[in-house]
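Colleague: Here is what each chain is made of, one letter per residue.
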Amino acid sequence: MFTEEKKNSQIFQDSNHLSPTSELEVSELIKEAYKKKFPIDIHGSNSKKFIGYNVQAARSLDFSSLSGVIEYLPEELYIKVKPGTLIKDIENILEKNNQELSFEPTDFGYLKDGKSNKGTAGGCVSCNFAGSRRFKVGSVRDFILGFRGVNGKGDIIKSGGTVVKNVTGYDLSKLVSGSFGTLVALTEVTLKISAKKPSQNTIIIYEKDPKIISDLFNMVLSSSNEISGAVFVPDEPKSKKFTPNKSKAFKLNDLDQEGAFFAFRIEGDQNSIKERIKDISNEMDLKNYKTSNLDIYQSDLFWKSINSLQLFSETKNNLLRAVVPPSKSEKMMSFLKNKYKYFIDWSGALFWIEVPGDQNIKEVKNTIIQNDGYVTIIKKSEDFEFTEKLFTIDDTKLMISKKIKESFDPRGLFNPGKMYKDF
Amino acid sequence: MSEIALPKVDRTIVSKKDLIVNNLKQFTDKKNVLSELDEIRPYETDALAAYKNLPLAVVLPENTQEVSEILKFCHRENIKVIPRGAGTGLSGGALPLNDAILLGLGKFNKILDIDFDNKCVVTQPGVTNLSITHAVKHKGYYYAPDPSSQLACSIGGNVAENSGGVHSLKYGTTTNNILGVEMVMMDGTICRIGGKTLDQEGYDLLGLICGSEGLLGVITEVTVKILKNPQTVKAALIGFPTIEDGGNCVTDIISNGITPAGMEIMDKALIDATEKFVHAGYPMDAEVLMIVELDGTKSEVEELFKQIKQIAEKNKSNSFKLSKNEKERLGFWSGRKAAFPACGAMAPDYYCMDGTIPRGKLSEILKEISRLSKKYNLGVANGFHAGDGNLHPLILFDGSNKEELRRTEEFGAEILKACVRMGGALSGEHGIGIEKRELMCEAFNDNDIQQQINIKMSLDEKNLLNPGKVYPILRKCAEEGRVHVHRGEEKFPDLPRF
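Protein chains in written order, with the working numbering: chain W, 1 to 423; chain X, 1 to 498.
Hints were generated in silico from the structure; no laboratory data involved. Glycine residues also receive a C-beta, built at the ideal position from the N, C-alpha and C atoms. Certain hints may be false.
Estimated spans, in silico, between C-beta atoms of each pair [said to hold, decoys possible]:
1) X:375 - W:301: 55 to 63 Å
2) X:403 - W:73: 36 to 44 Å
3) X:112 - W:334: 26 to 34 Å
4) X:113 - W:300: 35 to 43 Å
5) W:384 - X:112: 35 to 43 Å
6) X:463 - W:244: 27 to 35 Å
7) X:306 - W:212: 54 to 62 Å
8) W:239 - X:112: 42 to 50 Å
9) W:73 - X:375: 26 to 34 Å
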């Protein structure tokens, strides 16, 4: 830090890495940066730092020290936390009251270094990556009731509140979700929480034919049995470019390690689960398939493995996250074949695809876009050449997004270049 | 008519009316441009009929390209534009301005694509909410958000207001049930947001547009999610001897992990009014009546009703009646759905409020409303979407008595202020519009409001799209009108409102 700046600042200490502990401090730091036009790298525990472009910034604001539960009212179904609060800690607190974050935050820890790390509440909101229940309950953005934060001028702002129904002004909670810290430095988020279902079972169907898998996904979405998760895990490619870890990721007594499988989850009380499995067995004609049933303990581990991407644990390859209309899942499977390592979540709508560094990402991206989908390059291999954009956006939306960015952060100080090169 | 501050009329625009009307006829069929008094009169108000104002002209475009051309022209010529769906909104969001074009989306009335494979429907914005369900019900599907005006309100208007309904407790509001929109920005730019995929990458523009009350863009196409009908739907009528018992029961049901499809509460005044009106068979010894609806599998619904019965008994319920069949279930709802007309029969006028509170504050707010009722010497009947804390008190008064009207307005504003004080919101589902505009400063400070205005100005730098709505013009907490219904002259009197 330059001497002149030191003189001018009460708050900036000896380092460019700052860890504010109060909202007021955040506001003061940003006001200072606004005055001096210093770009800021805004982050929490860095569990998802590898997603997006690297931020080149003079200052780094670490929100992991701004942590703690502000208010938790189990009967009102919300928890208000500071942004640095760990998701793991929130889940532990909720567990004591038989509650949960039903959007199942994606755990990127295994991808990074082989162990669980769900990061912070602020990071979870800023990235908006929801797990397997997405097609039934909604995404992270659907569970943000309100927030407080500081905009790019240093002004403290708020939006929403603690109630579910709220039409008072623009719903900025939605806008902040998935903005990767480029709009607001969050200082408080209120999350809607849900009662945890008393039990769960997962039915495994051993099948690999793309047409049949696509039909099964469609049956899940057409069923009135409230299925809360449906995935397809194909055989792993034999190529040495991929590290086989399917058997490790899904090491469960009642899951046959050999071959591809389709799995779906039913949650509720035991009687309701039994009733629904019976009904679904008819709907899907399950007697024609080889199946197995994961009890509550195995089922829980199974979905944890899915939602922590353990299939790609510590991969050195590129990892793509593609979302397509579910009816396109068959075409996507026919394209991916055994050439890429992948699995499908969200009942046919979400594809996680591992693409080796020397293979053509463009071809995969084009196929996704041709199938009316969008794609994010989540993890980049060492030889990734940045010829492909990491996020998908068209020119009109880019223009609108840029204007919105300027309305929050007129000097473009927050996480510059994190999502798009232009801002 | 009640008085309200509106943006200053630009006389130069008004003086160029003939020229503007002729220009508009270049962009769409001549018959779609209305400018004679008898033609534009029907558009002078929406369902907040206390406020009336004539537009400069009305234009009813037929496709997105026409909307784009019209907006481009208005942008260039600095002409204000008021978008309008079916005009059923209760907060005055479609109130015209004398120097503005009213852009009606009524001709956008076609369903474009029913996609059962992707469980969605692509529709034009003028299609009514209920038509979507009608279009898919033959295969056992429905569109979840069910505002009480669903027979007439348009899906484009639902997006603008983020409409909810009785079932939003379990299924969410519009924002949780749409996948994409096509919209036209004030400068004529056509933009597609989302589509048939879940979520979208980048900033959640869909979430921003939903509930933006026509201030950011004109919706020209909507893609909605459709859901499979539940296997079993049952409702229970539960009576309670006191407000506290009913309120506590709501909280206990939710905190026991039960999420009903709908959970309504009516107070004694509303029970009496609706029972006289439709004879729904409500228990007359109850001070508070709860309607709980559950859906799911047969065994699940039965099991949860057993639990609810126990919870209700613990909270001293004095009656519990479970629907035996579909006819009976609909009968339970008939009284609740007749709340508005029933109040219309009790007094010359009523004001409908729309605020939210945390569930745990139900009995507290009911007591406060009761206190205010005595203070202002005005009757009030209360209907709540109790599960999500959304209350609709109906204040009974005589609008021909100016002093009583003033007291009513003060009463209404005090209720909303109490909602905010208790940790709730100014509006649960009717929106801010012009109705609660000046009360926004109760919930937000200048920084909060300025940030919202900055977003508006970034997308509509000349402030031409629906100006004068949502954000305070006066920046003071003036008490203003709510849904004012005079001597049964309600707009859309045949629509159930609840």
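Colleague: Tell me if the beta carbons of residue 463 of chain X and residue 244 of chain W are separated by a distance inside 27 to 35 Å.
Modeller: Once the Cβ atoms are compared, 60 Å apart, the range 27 to 35 Å for residue 244 of chain W and residue 463 of chain X is violated.
Colleague: Measuring from beta carbon to beta carbon, are residue 306 of chain X and residue 212 of chain W in 54 to 62 Å?
Modeller: violated (40 Å)
Colleague: Verify the CB-CB distance for residue 239 of chain W and residue 112 of chain X against the hinted window 42 to 50 Å.
Modeller: holds (44 Å)
Colleague: Is the hinted range of 35 to 43 Å satisfied by the C-beta distance from residue 113 of chain X to residue 300 of chain W?
Modeller: holds (39 Å)
Colleague: Quick check on a hinted range of 36 to 44 Å for residue 403 of chain X and residue 73 of chain W, using CB atoms only.
Modeller: holds (42 Å)
Colleague: Go ahead and decide if the range 26 to 34 Å is satisfied by the Cβ distance of residue 112 of chain X to residue 334 of chain W.
Modeller: holds (28 Å)
Colleague: Could one say that the CB atoms of residue 375 of chain X and residue 301 of chain W fall in the range 55 to 63 Å?
Modeller: holds (59 Å)
Colleague: Measuring from beta carbon to beta carbon, are residue 384 of chain W and residue 112 of chain X in 35 to 43 Å?
Modeller: Between residue 384 of chain W and residue 112 of chain X, where Cβ atoms are some 40 Å apart, the hint holds.
Colleague: Kindly confirm whether 26 to 34 Å is satisfied by the beta carbon distance between residue 73 of chain W and residue 375 of chain X.
Modeller: holds (30 Å)
Consistency note: the structure conflicts with the earlier hints numbered 6 and 7.
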